[in-house]
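Student: Starting from the given sequences, assemble the full structure and let the hints guide the process.
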Amino acid sequence: MVWLAAATVVINGFFPAAWILLTSLKTETELLKVPITVWPEDASLANYETAFTAQPILRFMWNSLVVATLSTVLCVLVGALAA
Amino acid sequence: MSDPSLARNDLSERTLGMLLLAPAALLLATIVVYPIATLLWTSLTSVDQNNPQAGAAFVGFANYLRAFGDDRFWHSTWNTILYIVVTVPGSLLVGLALALLANQPFRIKWPVRLGLLLPWALPLVFAGLIFRWFFEFNTGVVNNVLAAIGIAPLPWLSDPTLAHWAICITIVWKASSFMALMLLAGLQTIPRSLYEAAEVDGATKWQQFWAITLPMLRPAIFVALIFRTITAVQTFDIPYAMTGGGPGDSTETLAMYIHKTTLDFLDFGYGSALAALMFAFSMAATAGYLRYTRRSASRSGDD
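Residue numbers (this note's numbering), protein chains in the order written: chain S, 245 to 327; chain V, 210 to 512.
Because the hints were derived from the structure by calculation, they are not lab data. Be a bit skeptical, because a hint or two may be false.
Claimed, not checked - Each pair of labels, with its calculated beta carbon distance range: (1) S:266 <-> V:238: 44 to 52 Å; (2) V:409 <-> S:324: 43 to 51 Å; (3) S:319 <-> V:405: 53 to 61 Å; (4) S:282 <-> V:361: 16 to 24 Å.
As the list claims (entries may be wrong) - Okay, derived cross-link-like pairs now, SDA-like style, lysine to any residue, Cα gap no bigger than 25 Å in a straight line: (5) V:318 <-> S:249; (6) S:277 <-> V:346; (7) V:414 <-> S:249; (8) S:277 <-> V:357; (9) S:277 <-> V:356.
Quick reminder that beta carbons are idealized off the backbone N, C-alpha and C, glycines included.
Tutor: Below, the structure written as structure tokens:
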């Protein structure tokens with residue numbers, strides 16, 4: 245029973261993310277196959293290569309990091325003073 | 210008895226308090242009060258960036274009157290209400306179920322905690338894009354599962370009724386995670402002794418749930434409901450990512466219509482009026498909840 249409870253919560257939470265992870269390893273032709281495949285037939289990291297070469301993704305990540313850090317610091321600072 | 214040194218101490222403490230509050234007040238003034246004031250002012254003018262030479266003419270309540278006569282405004286408001294009415298109770302029920310499941314005594318806690326947290330940690334647009342992929346006609350998981358059990362594929366995102374369902378399912382999945390986190394925190398404040406006493410009295414699990422868990426959980430449920438309702442009024446990202454308001458504008462929410470009016474049609478005056486109406490709408494929803502909680506709080510105080 246306890247295992248069933250754990251499995252429900254874990255599957256509900258992880259399924260979409262896990263599916264996207266599997267999808268990211270598939271090729272574009274495999275994505276358009278009907279019926280769909282669960283496990284990538286020809287797993288490759290080509291999509292990740294494109295992600296890093298098609299745009300300055302490291303710059304985007306850095307931007308996110310800066311915004312997240314600064315806003316957190318500011319929130320904590322102002323909030324702590326007010327509280 | 211007046212002690213001057215005490216009074217001075219009080220005063221300096223107040224000054225210190227004021228000083229400490231100043232950054233927060235300043236921040237609130239610049240990021241809350243000023244934009245809202247600007248919004249309200251703009252809603253009374255006819256700023257139209259399609260015709261910038263015209264400038265900002267004061268038009269009184271013309272923008273609001275236009276909204277009340279605008280079918281698309283009513284349609285998008287109706288969609289927003291539909292999403293509130295379906296997804297707020299929906300995510301509460303699913304969230305409660307998840308919280309109860311996650312509150313079982315597990316030996317290894319982290320996978321369950323992570324599973325509970327993950328939908329909440331995912332950005333709304335990602336959730337929308339992932340579920341759009343799930344609901345895809347040919348290559349979506351949903352239609353493929355339906356095909357496996359012998360049901361014909363459904364046009365989830367191109368049929369207005371089904372698109373509403375697809376969006377509601379996605380919102381419930383996304384929002385139930387937040388609900389579950391809030392309710393789990395509430396569940397863990399319930400003393401074990403209550404359940405032990407109930408067990409001694411021979412209460413079944415079902416009776417314990419209705420007599421102990423639910424009443425003790427009420428404050429947490431209310432806080433979660435208020436937060437959920439406010440975010441539901443602003444529903445934007447998930448329908449935007451899944452259908453873009455389509456097919457046609459059948460799944461468009463009020464927030465999406467505001468976005469379109471201001472940023473696509475560049476009609477800032479009318480967009481501001483719509484935004485002010487949405488603001489009033491979410492205030493009214495919150496005020497309703499707060500009144501209800503205060504009334505029930507005073508009622509339980511009388512007992």
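Student: For each hint given before, does the structure comply? Return the numbers of the non-compliant ones in rising order.
Tutor: As far as the earlier hints go, only 3 is violated by this structure.
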